[in-house]
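2 protein chains.
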Amino acid sequence: MNNNAPIGFMDSGVGGLTVVREALKQLPNETLYYLGDSARCPYGPRPAEQVLEYTWEMTRFLMRHQVKMLVIACNTATAVALPEIKRSLPIPVLGVISPGTRAALKSTRNNQVGVIGTEITVTSGAYSTALQQKSPQTTVLEQACPKFVPIVESKQYESPIARKIVRDTLKPLKDTAIDTLVLGCTHYPLLRPLIQEEMGSGVTLIDSGAEAISEVSMLLDYYELSAKPAEQLPDHRFFTTGSKNIFETITKDWLGLDKLNVTKIDL
Amino acid sequence: MNNNAPIGFMDSGVGGLTVVREALKQLPNETLYYLGDSARCPYGPRPAEQVLEYTWEMTRFLMRHQVKMLVIACNTATAVALPEIKRSLPIPVLGVISPGTRAALKSTRNNQVGVIGTEITVTSGAYSTALQQKSPQTTVLEQACPKFVPIVESKQYESPIARKIVRDTLKPLKDTAIDTLVLGCTHYPLLRPLIQEEMGSGVTLIDSGAEAISEVSMLLDYYELSAKPAEQLPDHRFFTTGSKNIFETITKDWLGLDKLNVTKIDL
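So the sequences go chain by chain: A and B. According to my numbering, the first sequence is numbered sequentially starting from 1. According to my numbering, the second sequence is numbered sequentially starting from 1.
Among the hints, a few may not be true.
What follows is a set of in silico ranges between Cβ atoms, one per label pair, in the way DEER data are often shown [unchecked claim]:
id, chain 1, residue 1, chain 2, residue 2, range
1, B, K155, A, K259, 39 to 47 angstroms
2, B, S88, A, Q133, 47 to 55 angstroms
3, A, E224, B, D175, 34 to 42 angstroms
To list a few chain B residues with every Cβ distance to chain A over 10 angstroms, as calculated [stated by the list, open to error]:
id, residue
4, L89
5, L94
6, P99
7, E119
8, Q133
9, S154
10, K164
11, L170
12, E215
13, D221
14, D258
25 angstroms max Cα-Cα, derived DMTMM-like pairs, lysine to aspartate or glutamate [unchecked claim]:
id, chain 1, residue 1, chain 2, residue 2
15, A, K106, B, E84
16, B, K106, A, E224
17, A, K86, B, E224
18, A, K228, B, E224
19, A, K228, B, D235
20, A, K106, B, D235
21, A, K25, A, D175
Hints listed in this document are in silico derivations from the structure and should not be mistaken for laboratory results. Think of the CB as a built atom: it goes at the ideal place given N, C-alpha and C, for glycine as much as any other residue.
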């Protein structure tokens, strides 16, 4: 295995960029390849079999680019596809649900944890199962937020309409005892200021994607796969199945990069 | 693999108990088996070949007890034996140096990191190599502290003599620019209050053993090896090659447990 091979990240759209942002910070030597399937986003309301199929298509694309490790930077795809893909590939594969779960249990002081995610992620019960298996005394309140991903993908995450949707959607969680809220979808950190404002400063928000990067870092060490420091900066690449323009605007805004190597592809 | 099998921890003596303490907190469902080779402690001044041999003896002992994961809770043994043992065993094996390295890089703001450890750990350069490979701009100052382990093993870690030894040993690090100091030996957290007092509050101390438990937790998830919550509390076991009495006193003091299942063994 080539230590200087890229790490592959994939998501239903631009949400996984919040994971890439953390990777740029924590793993400056690593080359990152990112694939966002914006053309078919959102995955959340789709049947599980279809999400599994789409996730396999993204996986095969990144495997053709010789990635050394694969990060499913999407909670929906993690909930549906992680076990099967991890079992099938010869490289380390990781998702975002376990890291989010561990961070939530570390953060909560009253064992009352909220989780927000897409319809599939919530219906799958992936978070509540994981949380209660590790800590049976924990109460988990889950809330699907079907409108959040479309707002982010259309780059309206700072608009007044976003504020209203966040307020309406989070109402059921607002007057509960939760002291920790897992952002169980990698798109949601783009709405973080609005979510924090709505939930109040007493609730700690957990960014499952950012937590996943600590796990990437650990597995790079564990498998002795870390990139060697090189003379030049790593040559990151971004692929989208959707609009190259919208993807570039969001990526530049969110990652603070001015030079981007973006390719529009079909899966 | 049986998820309810114990996790094995081993150390040259009682130092690894500082790792077990963190495991009791973060992983309450897990059964822990601990082996401390106090009869042959300290390992630090011994030739590397001998440390490798002793570490293999401890490994074989714990493997006979069907552990599902092995933690080399000793920096000296990690520096010398981790790669070979990890390659040879069919279960996950991890040490304390990588986690300490990652935590130090996360903590430092000025890229000036100190490392204290035994003679072998310092001579091996394990920490400075790992730190500089991840972050070439980091300056690493290392200091061997050969008198620290004997003080802890003889339960003098709160005595006036301990204070004097800590002060004299750390003198070369005291007036440097380091803002982070890795306790690169699992015995040292027992001297933590004295070390912190000597270095001042501007220096963040990194407990490599405590950091290792986050890695244990991740690997348990990654390999789907976490214990299922059980009706009864886990039945921890402790083994020492040295004095059962001294071991019990330090263990009760350090772990805050009043019931302990300790067995004196020969390797």
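These are the hints, each one checked on the structure:
no.: 1; hint: B:K155 - A:K259: 39 to 47 angstroms; result: violated, 60 angstroms
no.: 2; hint: B:S88 - A:Q133: 47 to 55 angstroms; result: violated, 31 angstroms
no.: 3; hint: A:E224 - B:D175: 34 to 42 angstroms; result: holds, 37 angstroms
no.: 4; hint: L89; result: holds, 14 angstroms
no.: 5; hint: L94; result: violated, 7 angstroms
no.: 6; hint: P99; result: violated, 8 angstroms
no.: 7; hint: E119; result: holds, 25 angstroms
no.: 8; hint: Q133; result: violated, 7 angstroms
no.: 9; hint: S154; result: holds, 34 angstroms
no.: 10; hint: K164; result: holds, 37 angstroms
no.: 11; hint: L170; result: holds, 28 angstroms
no.: 12; hint: E215; result: violated, 5 angstroms
no.: 13; hint: D221; result: violated, 4 angstroms
no.: 14; hint: D258; result: holds, 23 angstroms
no.: 15; hint: A:K106 - B:E84; result: violated, 33 angstroms
no.: 16; hint: B:K106 - A:E224; result: holds, 19 angstroms
no.: 17; hint: A:K86 - B:E224; result: holds, 12 angstroms
no.: 18; hint: A:K228 - B:E224; result: violated, 30 angstroms
no.: 19; hint: A:K228 - B:D235; result: violated, 43 angstroms
no.: 20; hint: A:K106 - B:D235; result: holds, 24 angstroms
no.: 21; hint: A:K25 - A:D175; result: violated, 35 angstroms
Hints 1, 2, 5, 6, 8, 12, 13, 15, 18, 19 and 21, counting from the list given before, are not met by this structure.
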